[in-house]
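Colleague: As a plain string of letters, each chain reads:
2 protein chains.
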Amino acid sequence: MHSFFNPKSIAVIGATPKTFKGGYAILKNLITTFNGRIYPINPQHTHIEGIPCFPTITDIPDAVDLAIIFIAASLVPEALEQCEAKGVQGVMIESGGFAEADEKGKSLQNAIKSFVQRTGIRVWGPNCMGLSDGIRGYIFSFTDPKLLPYCLVPGPVSLIVQSGMISAGFIIDILSNGVTGFSKVCSIGNKVDINESDVLSYLLEDQDTCCVGLYLESFVNGRRFVDICRNSNKPVVVLKGGRSRKGAEAAVSHTASLAGNYQVAAGALAQAGVYEARDFKQLVDFCRTLALYPPRPNNSKGRIAVVTFSGASGIVSADMMEEQGLTLAELSEATKTRLKGIFPSWMPVANPVDIWPAIEQHSGTDLDIYSLALEACLEDPEVDAVLLHTFSGYTKVKLDLQEYSRLSRSTGKPVLVWLLGNREKAFLAQKAARDCGVLVFPELSRAVECLSILFQRPGIMPKSEHRQPEFPDGPQDIPAEALDILEKGIGPLDEQASKSILKSFGIPTVEETLITDPHECKDNATHMGFPLVMKGVQPGIVHKTELGLIELNIDRPDAAMQSFERIMLKMNGRGSILMQKQLKGDVELILGAIRDPQFGPCVMIGIGGTLAGLIDDTVFTIAPFNKEEAVNAIGRLRTQEIINGFRGTKPVDRNVIASFMVTLGRMMIDYPRIREIDINPVIVSGNSAVAVDATIVLSDCQVQ
Amino acid sequence: MHSFFNPKSIAVIGATPKTFKGGYAILKNLITTFNGRIYPINPQHTHIEGIPCFPTITDIPDAVDLAIIFIAASLVPEALEQCEAKGVQGVMIESGGFAEADEKGKSLQNAIKSFVQRTGIRVWGPNCMGLSDGIRGYIFSFTDPKLLPYCLVPGPVSLIVQSGMISAGFIIDILSNGVTGFSKVCSIGNKVDINESDVLSYLLEDQDTCCVGLYLESFVNGRRFVDICRNSNKPVVVLKGGRSRKGAEAAVSHTASLAGNYQVAAGALAQAGVYEARDFKQLVDFCRTLALYPPRPNNSKGRIAVVTFSGASGIVSADMMEEQGLTLAELSEATKTRLKGIFPSWMPVANPVDIWPAIEQHSGTDLDIYSLALEACLEDPEVDAVLLHTFSGYTKVKLDLQEYSRLSRSTGKPVLVWLLGNREKAFLAQKAARDCGVLVFPELSRAVECLSILFQRPGIMPKSEHRQPEFPDGPQDIPAEALDILEKGIGPLDEQASKSILKSFGIPTVEETLITDPHECKDNATHMGFPLVMKGVQPGIVHKTELGLIELNIDRPDAAMQSFERIMLKMNGRGSILMQKQLKGDVELILGAIRDPQFGPCVMIGIGGTLAGLIDDTVFTIAPFNKEEAVNAIGRLRTQEIINGFRGTKPVDRNVIASFMVTLGRMMIDYPRIREIDINPVIVSGNSAVAVDATIVLSDCQVQ
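First to last, the protein sequences are chains A and B. All residue numbers for the first sequence refer to this note's numbering, where the first residue is 1 and numbers rise by one. All residue numbers for the second sequence refer to this note's numbering, where the first residue is 1001 and numbers rise by one.
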């Protein structure tokens, strides 16, 4: 990767003097920003912009570290051959017309893939806008030479984006508004070779980068991405494009990306400790916040003091904080006493700390009420962070950003500032804040969101090196009968077979008997006790509900007989009847497992029963995972309170559910023939979780 | 109100030459902005800022329309007497130190209230920042004379705010950033006399105001506010401070406001067709959007075309739109053909409409791809509005705001623009957009939120004049027995009495029998059929569940006998047993009614059963209301889908629930002794809704 980030010499294949072309912009940006050797390549010119030009890359006398290509897609394969001949280590293809365009483009992209596999030369792109480096000041991109080079500012945030716009116009907007500077901005395009994981692992080692933000439409290898994130201490934020069905459809035509199952991605990202953003500028705001204040100490609870010039802003902040899971700190007596010292006598001290009356009272003096109030709050052990509201451009309001920065650093507590003001003054303050390490936001809700993200704990981020191998002894022993089914079965197994497999892995299943004779019905019913469930079972029939083959709430022996006859009639007398004790638990869950094309084997947990139809509340976690991770996944269910017990139901032991999940994950890892597991419902009560109905789907073809 | 908005002459009581005082700022702002006569009042000066100064207001030789007071609270009563003597029609008290401060301030505020009642002179404030008028250019406020007068811009939005900051620093921020201009900005402070409803009804008649936004911590008379809103065609947007518990606590100390039950306010606002905002700048963005595009025609469905320069922005827009209830339009064939005419041949036409390749292809020509694509989309009958993404300051991107405005007006369809860009260029575009009536947003999510609000239909807004009087014949006749209870009962009625009252109003209640003898138990059980519920009933005992006096799922005669004995034992043999058929419906609801201090009698509907403990999903609607309004209230339940039937349950007839609600509203209106009604659960199935358990609470003291 070094040849992309630290080249000493660059060849621009497709350089041109025509100023409206990308090949000109790349060269011009290099001339403006790059201090190494630059070689324009174009057979039709001897010089471009006063620099000697070569017909092909092989004509360059010296070594070339990086080739940037901006020529028609159809000419790229030949150019790559020449790069190989020249011994170039890295090639960045910025032109488009590949897999995102048409069939011809797809085959050209496949040709590049073959080239990479054959030569080992790394290729970045195609269909991308390359790389900008705010620290070194390099721009390896066809972005407008009149804009970006003149606003590039170094900063602690790096971005990796599957979109040229975000690396160009968007960055110009962010930079010219003084929001933040950047370390690297990487546009990775179609990812034929170098993908988000390659660049991410490089940047997580980059000493100039404190936080990495990504805009992604797909994950080339979700599992590798997750492993990279969970093994790093640097915060990573992802904005996933194509979360919705329509958005996912649009992603296919954009960067030829299959957006995949967003819920799986969301689960995997949370499991890896990755933060999620929902909008572009929010992504940058989350990144600059986490770059300055990486994950909080464990004792940090999200108790916020609000120092404000306005009662209304304090109130609305409190409303927003409640929605975002933050709490208004209860100020300690010592802090109240300190604040009373600067407050007018009639004014009670409370949080939000409305300092306007104090400012009015001390108007004309040298007292900096803002700094005094901020210091008092930051030094309060009951306060974890301060949200400060202020205004720039009004003489009564002192805005000592240097002091806020110093107080934040000396106490180790975040200070986030909502800044209103006259446009020009606010802009100067924004830039000053950026330079001295104070987070300033023009929108209150965004400031509160960023505060909130500081106190989120996504996943538990167990580092790979600290993790116990989950299953040190290899696949779990299971009875020969179950093993036989797993090895030889095809497609969906019926309910009984599916549950027998689950049982063989130690998962509790409901008590049941299969009968075929109506006379067995009464005896079994009396033996099992009411209420009962009766289900018609036929080989190959999975959708029993839709066929009316399930009868619930059977509460008398004669009702059982009637159900038997009704179900048998529907099956034309072929098949058997499964009699089950109807369980009444505290919570109904759905548990399952799938193999995701981007993230591999995943276990799913969802709230079942009536709720399932109403709220789509499911969480995925990629396997293998340990019990702690499973407990975390349960905690990510939006309706997880249901598990705590409410309205008289008992709390459920989350460890029981977690063990259930770990077992499912293990099944998926140990037995690759299992394509899918669907257990619905799992009836949970106190410390038991019982699988009532289940379907296991095996691969369609038998293992040889 | 005229004397506040259109005075010909103004006296400033408390005018001073000390430039750091509010009394100076008010005078200075008048001198800068007001073209009528100005009279500084201060016994210590003969001239201030070169204008003759009077010892008291009565010394002014000419008529005074408006007095603005900025003196210590304790001196205000005397100043008011002088205003009365002078014959002033309106007084604006901007100084603080009243109910928001301390006990002394409270009694001073009460004195003002008495003054208003005695004299009929209207008082605005105290503790406020008065009024700014962007159309006339007036500033009646102690806001910094160096800031606001130099950025005031006329515009279609008026604000009414219970916060000085929002009328000062915040407005300077909005104005200096070119976001929008304002018609009136009114800071109403402690609302001793003139309140939000007074100002709102004035502004809804004001021809310069197209939309009114309010920041409120409380409603002085919620019912009046609702009536004003529902009788106006102009959109009203409210940001309610103190929605959360902590926020409500803070509101008390801010403007002495009791924030009240937010859920009641939210229900009433929705019922009145009022839009809600959650943040300050969002409030302004909603207002400027609704000022330009008032409520959409009825056939407008929210089908959006996205015209973008970037695939990624299109994808993320689609994701956001799905979350906000908007849909990506399916472009008609005609539109696709038009777009194909400007697209490169390899590029398929889809929505989001990514026009960047077309821009690249026609680069150097005169074709304005943006305008062409926008026109094609706006003229498509399948498109209700366009979200356009663009960039300012890049030569390849044409930004013809005049043309966008013309196309929007000629097609009658909204165009909202997400604009990125170089800071200075974007600012010029923002101001140009403001002036030619194009909505520009720097943040994508905000643009989508504003689009979404255009296609929201809060409430149904039936105008009072078109509404049938709900109950033309006065109180409904009910049996003498029920009437007797309603007239003479005190406090909470027991379950049976409560349900008998409901029944007398025509509300279906569960089949039940009260027994005291164990021998009745078996007969009744067999007669009613299983399963049964049995409840212990004792006079004055409301909380049966907590005392273990309810047994459910009784499915056999002997179980009924056992339950009888168990419950009787818990009641020490005193009391009776209520035997009820245990109903199994499709949906459990909670219905109720309360009297809210700000909004009066309200009916509440909520989802019951398991869900109730999990999701706080209740909607209030103020009584009286008709069936259509009740159906709308049901539609505002977040989990309302439950009523549509899912996973095999039948859909429920919303009219049945609506009638139930209308009856409850009528009960509250007709019988003021009913303090509270709580019906939990109401079992709903198909077209029946049955009250199973209920408590009616009557006033504590008997009517004389």
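There may be inaccurate statements among the hints.
Below, in silico cross-link-like pairs of lysine-lysine (DSS-like), each with a Cα-Cα straight-line distance of 30 Å or less [what the hints assert, rightly or not]: (1) B:K1336 to B:K1398; (2) B:K1246 to A:K301; (3) A:K246 to A:K336; (4) A:K425 to B:K1425; (5) A:K503 to A:K522; (6) A:K340 to B:K1336; (7) B:K1021 to B:K1008; (8) A:K106 to B:K1336; (9) B:K1627 to B:K1503; (10) A:K86 to A:K104; (11) A:K18 to B:K1503; (12) B:K1246 to A:K396; (13) A:K503 to A:K336; (14) B:K1396 to A:K21; (15) B:K1021 to A:K104; (16) B:K1581 to A:K21; (17) B:K1396 to A:K431; (18) A:K503 to A:K488; (19) A:K431 to B:K1425; (20) A:K336 to B:K1104; (21) A:K104 to A:K21; (22) A:K398 to B:K1246; (23) A:K336 to B:K1425; (24) A:K246 to B:K1021; (25) B:K1396 to A:K106; (26) A:K522 to B:K1581.
Some chain A residues flagged as far from chain B (calculated, every beta-carbon gap over 10 Å) [claimed, not checked]: (27) R37; (28) S163; (29) R423.
Worth flagging that the hints you see were computed from the coordinates, not collected in a lab. In this text the structure is predicted, and so the values were computed from the model without any measurement. Even glycine gets a Cβ: it sits at the ideal position worked out from N, Cα and C.
Colleague: Could you run down the list of hints and mark each one as holding or not?
Modeller: Going through the hints against the structure:
1. B:K1336 to B:K1398: Holds. K1336 of chain B to K1398 of chain B sits at ~22 Å (cutoff 30 Å).
2. B:K1246 to A:K301: Status holds; Cα separation ~17 Å.
3. A:K246 to A:K336: Between K246 of chain A and K336 of chain A the Cα gap is close to 53 Å, so the pair fails against 30 Å, i.e. violated.
4. A:K425 to B:K1425: Answer holds: K425 of chain A to K1425 of chain B is near 18 Å, not above 30 Å.
5. A:K503 to A:K522: Distance ~27 Å between K503 of chain A and K522 of chain A Cα, so the pair holds.
6. A:K340 to B:K1336: violated, 68 Å
7. B:K1021 to B:K1008: Answer holds: K1021 of chain B to K1008 of chain B is near 25 Å, not above 30 Å.
8. A:K106 to B:K1336: holds, 24 Å
9. B:K1627 to B:K1503: holds, 19 Å
10. A:K86 to A:K104: holds, 27 Å
11. A:K18 to B:K1503: violated, 86 Å
12. B:K1246 to A:K396: holds, 29 Å
13. A:K503 to A:K336: Not satisfied, since the Cα-Cα distance of roughly 61 Å exceeds 30 Å.
14. B:K1396 to A:K21: Since the Cα atoms of K1396 of chain B and K21 of chain A sit roughly 11 Å apart, the hinted pair holds (cutoff 30 Å).
15. B:K1021 to A:K104: This hinted pair is violated, its Cα atoms lying about 75 Å apart.
16. B:K1581 to A:K21: violated, 81 Å
17. B:K1396 to A:K431: Roughly 29 Å separates the two Cα atoms, so the pair holds.
18. A:K503 to A:K488: holds, 18 Å
19. A:K431 to B:K1425: It holds: about 18 Å lies between the C-alpha atoms, which stays within 30 Å.
20. A:K336 to B:K1104: holds, 23 Å
21. A:K104 to A:K21: holds, 23 Å
22. A:K398 to B:K1246: holds, 28 Å
23. A:K336 to B:K1425: With Cα atoms ~47 Å apart, K336 of chain A and K1425 of chain B exceed 30 Å; violated.
24. A:K246 to B:K1021: Distance of about 58 Å is beyond 30 Å: violated.
25. B:K1396 to A:K106: holds, 28 Å
26. A:K522 to B:K1581: holds, 27 Å
27. R37: Given that every Cβ of chain B is farther than 10 Å from that of R37 of chain A, nearest at about 30 Å, it holds.
28. S163: violated, 3 Å
29. R423: Nearest chain B Cβ is 4 Å from R423 of chain A, so the label is violated.
When the structure is compared with the earlier hints, violations turn up for hints 3, 6, 11, 13, 15, 16, 23, 24, 28 and 29 and for no others.
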